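Could you put the whole structure together from the sequences, leaning on the hints where they help?
Quick note, the sequences are listed as chains A and B, same order. Quick note on this note's numbering: the first sequence kicks off at 1 and runs consecutively. Quick note on this note's numbering: the second sequence kicks off at 1 and runs consecutively.
Don't take every hint at face value.
[What the hints assert, rightly or not] Derived DMTMM-like pairs (lysine to aspartate or glutamate); straight-line CA-CA distance at most 25 Å:
(1) A:Lys301 with B:Glu80
(2) A:Lys135 with A:Asp82
(3) B:Lys244 with A:Asp157
(4) A:Lys338 with B:Glu153
(5) A:Lys249 with A:Glu75
(6) B:Lys81 with A:Glu65
(7) B:Lys244 with A:Glu75
(8) A:Lys338 with B:Glu243
(9) A:Lys358 with A:Asp371
(10) A:Lys52 with B:Glu80
(11) B:Lys81 with A:Asp371
(12) A:Lys144 with A:Asp157
The set of hints was computed from the structure by calculation and includes no laboratory data. Since the model is a prediction, treat every value here as computed from it, not as a measurement.
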Amino acid sequence: MKISILRNSRGGRRASAAVALGAVLALTATACGDDGGNSAGGDGDEGNGKGKIVFWDNNGGVRTEIWKEVIADFEKANPDIDVQYVGIASTEYQSKVDTAIQGGGLPDVGGISASMLAGFAAQDALDTLDFRLAKSPLNGKLNKDMIESMRAAGGGDDKLYSIPTSANNGVLYYRTDLFEKAGLEEPTTWDRFYEAAEKLTNKGKNEFGYTIRGGAGSIAQALDAMYGQSGITSFWDSSGKRTTVNDAKNVEALEKYAGLFKKVTPAADLNNDFTKMVAQWDSGTIGMLNHNLGSYQDHVKALTADKFRGIPQPIGPGGKRVQVSNPVDGVGLFKSSKNKEAAWKFIEFATSAESSSKFNESAGQVPAHADAAKDEWISKAEPTKLAAEALSDGSTTIVQLPYYLPDWNTISKADNEPNFQKVLLGKMSAKEFLDTMAEQLNEAQAEWQEQMS
Amino acid sequence: MITKEAPPAAPAPARTTPEPPRPAKKRRAWDEAPRWQIYLPLGIYLVFTLIPFYWILLFALRPAGSTSLVPWPMTFVHFEKVWTDRSFGTFFYNSVLVGVATLVMTTLVALAGGYALARFDFKVKRAFMLALLCSQFVPGALLLVPLFEIFAELQMINSLGSVIIAETVFQLPLSIILISNFIKNVPYSLEEAAWVDGCNRFRAFRVVVLPLLRPGLIAVGSFAFVHSWNHFLFALMFLNNQEKQTIPVGLNTLMSADSVDLGALAAGGIIAAVPVVIVFAFIQKWLITGFSAGAVKG
Numbered sequence: 001m002k003i004s005i006l007r008n009s010r011g012g013r014r015a016s017a018a019v020a021l022g023a024v025l026a027l028t029a030t031a032c033g034d035d036g037g038n039s040a041g042g043d044g045d046e047g048n049g050k051g052k053i054v055f056w057d058n059n060g061g062v063r064t065e066i067w068k069e070v071i072a073d074f075e076k077a078n079p080d081i082d083v084q085y086v087g088i089a090s091t092e093y094q095s096k097v098d099t100a101i102q103g104g105g106l107p108d109v110g111g112i113s114a115s116m117l118a119g120f121a122a123q124d125a126l127d128t129l130d131f132r133l134a135k136s137p138l139n140g141k142l143n144k145d146m147i148e149s150m151r152a153a154g155g156g157d158d159k160l161y162s163i164p165t166s167a168n169n170g171v172l173y174y175r176t177d178l179f180e181k182a183g184l185e186e187p188t189t190w191d192r193f194y195e196a197a198e199k200l201t202n203k204g205k206n207e208f209g210y211t212i213r214g215g216a217g218s219i220a221q222a223l224d225a226m227y228g229q230s231g232i233t234s235f236w237d238s239s240g241k242r243t244t245v246n247d248a249k250n251v252e253a254l255e256k257y258a259g260l261f262k263k264v265t266p267a268a269d270l271n272n273d274f275t276k277m278v279a280q281w282d283s284g285t286i287g288m289l290n291h292n293l294g295s296y297q298d299h300v301k302a303l304t305a306d307k308f309r310g311i312p313q314p315i316g317p318g319g320k321r322v323q324v325s326n327p328v329d330g331v332g333l334f335k336s337s338k339n340k341e342a343a344w345k346f347i348e349f350a351t352s353a354e355s356s357s358k359f360n361e362s363a364g365q366v367p368a369h370a371d372a373a374k375d376e377w378i379s380k381a382e383p384t385k386l387a388a389e390a391l392s393d394g395s396t397t398i399v400q401l402p403y404y405l406p407d408w409n410t411i412s413k414a415d416n417e418p419n420f421q422k423v424l425l426g427k428m429s430a431k432e433f434l435d436t437m438a439e440q441l442n443e444a445q446a447e448w449q450e451q452m453s
Numbered sequence: 001m002i003t004k005e006a007p008p009a010a011p012a013p014a015r016t017t018p019e020p021p022r023p024a025k026k027r028r029a030w031d032e033a034p035r036w037q038i039y040l041p042l043g044i045y046l047v048f049t050l051i052p053f054y055w056i057l058l059f060a061l062r063p064a065g066s067t068s069l070v071p072w073p074m075t076f077v078h079f080e081k082v083w084t085d086r087s088f089g090t091f092f093y094n095s096v097l098v099g100v101a102t103l104v105m106t107t108l109v110a111l112a113g114g115y116a117l118a119r120f121d122f123k124v125k126r127a128f129m130l131a132l133l134c135s136q137f138v139p140g141a142l143l144l145v146p147l148f149e150i151f152a153e154l155q156m157i158n159s160l161g162s163v164i165i166a167e168t169v170f171q172l173p174l175s176i177i178l179i180s181n182f183i184k185n186v187p188y189s190l191e192e193a194a195w196v197d198g199c200n201r202f203r204a205f206r207v208v209v210l211p212l213l214r215p216g217l218i219a220v221g222s223f224a225f226v227h228s229w230n231h232f233l234f235a236l237m238f239l240n241n242q243e244k245q246t247i248p249v250g251l252n253t254l255m256s257a258d259s260v261d262l263g264a265l266a267a268g269g270i271i272a273a274v275p276v277v278i279v280f281a282f283i284q285k286w287l288i289t290g291f292s293a294g295a296v297k298g
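Spelled out as structure tokens, the structure:
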């Protein structure tokens, strides 16, 4: 009887199947919605200068503690404002912000470095800060070069979208103990650099003179070495339409630099990103490393400060040092913020002399605030001191990389890093590599100029 | 749109004559091979597999700056650092919550959906199966913005619920297909016998079918747990509060733009790997049985 009821209970079967499948479809449907309209939050609001603001750190993790300290100081000084800190890994920051621009949920304040500024500005996600800065006690106190660098990176409208906090700089780290043992002079010139790289190499004992960056981030380092040796001081020719990357002097410099691979460097350098490169230098027997101020504390922990020094890049032809620009870091105000007054108060506080000093001492970078740059800790952190001097005493010419080009990140990473590996392996000539990159850059520059006009 | 029930499996033909006894197997060449020919390649393979793990242990247990090839003097300072200073305790708790909730939701819904697919015929069944399979070809990253907007509308951004739902949704298609194959392997006559004994459909399923699905449930559940434990993208995008982040996102923040604490990174990696290793150690027998059983149609 029961069987016949169940077998004939078509409605019951339908109901159970419908419930089962309905549950599945309901959950699956959440993955199939359309993208709707742009809910990035519109033009936001000034707010009343009180309440909660959200801050996204663009280099979360290592800097979390110092940011939390700055935030605690701010909240003490502004008890009506509550800052929620969100630390995001630098590698994921851009994609998270891009998703929030499209889908909504942007913070009020975010870390905005020069390298990602053009993309965010192009999506109209950031508020201009010129008028706020003009009325602020910060006006005139921030490093002019860093301000200009931020303006230039903004996408060509000469507006300021990010208040600089700090500058990084390329550093040549070298092992003083190994140099002393080999009777070598400090690698302050490119000739001494090449000589030391060769003399410190003993492949049989797994000792190398230099570690080259062949993986992620290789292009900026190669450009730094190239312009440093060629002495060319501008990324574009006088017309502003053609890049100088494939100038004959740069081609020659790159050939010499890439020739170091496997001759005085480990073969594994082909895939070196900064993590592997720094780890290798800190734990092996390698004479020199090119990186920036950011890894100084890692070297101190691994080697102790008396075993190495970090100096600015070697001096090139005619006694002149030429370096490519490192992205200036800063904080920006997102247009969608509903509490811009409070957000700006936080930006002002975070870039003030006291906070700037505290933050940069921890990060080992050059402060943007002029008063913070005079603080005592700078003279104790040698690479930072030397970098600050090099950036301000006129001895160094900075070749400004075109961070303002929307295609810059693609050209300098996905498009050309594999080709640089081919150059290292001898499968592509330096000229061919630079000609290809120059063509892409010229095209991107032309497009950008057309958009601007 | 249910039209009819799937026909029960046809009974196996009765055997008429016993098979003649098989001749003793001839020993194959590799049975007589010297032991070293087996153990040497296995040993080499093991070395290649285990060296990276040893390297992680080494960095996690030796002091910062040490270049020793053995973790001595041993220190747990990196573990302390990531667990307390870098909030891995909180991340671990959140990951467990996401993993267990995804496991439970995926298994329950896959059981219901799998049963429907295995036991009922309906007009769009083939199309539905095809849609399930096709959904596997869509990468999660492609659906980030729509998912983000949906969860924002539901006020679920910054809630672990958004990650759990998204993980469940992406686990379901494969899980439903697997479970439905397992259920097809359970003879329909067993359920019918239970009905004869007075069970209704649900009770028959619970008492007769469910115990036989154990390998399949373990396979599907562990797969859902491990995938959600390791998955990075949804937690990164949907969670903004530090207190709600999961282990993979926490691991990512141990590498900054210019600096990396390798000791802390290795310690964090071990903390992230331990639950997965334990899960696999306990369930490997069931897992292998489960996957192989699900692969053969009854």
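Evaluated hints:
1. A:Lys301 with B:Glu80: holds (17 Å)
2. A:Lys135 with A:Asp82: The hint holds at about 24 Å.
3. B:Lys244 with A:Asp157: violated (39 Å)
4. A:Lys338 with B:Glu153: holds (18 Å)
5. A:Lys249 with A:Glu75: violated (54 Å)
6. B:Lys81 with A:Glu65: Roughly 12 Å between the alpha carbons, so the hint for Lys81 (chain B) and Glu65 (chain A) holds.
7. B:Lys244 with A:Glu75: holds (22 Å)
8. A:Lys338 with B:Glu243: Between Lys338 (chain A) and Glu243 (chain B) the Cα gap is close to 23 Å, so the pair holds against 25 Å.
9. A:Lys358 with A:Asp371: Holds. Lys358 (chain A) to Asp371 (chain A) sits at ~12 Å (cutoff 25 Å).
10. A:Lys52 with B:Glu80: Violated, because 32 Å separates the two Cα atoms, which is more than 25 Å.
11. B:Lys81 with A:Asp371: violated (34 Å)
12. A:Lys144 with A:Asp157: Holds - the C-alpha atoms of Asp157 (chain A) and Lys144 (chain A) are around 18 Å apart, at most 25 Å.
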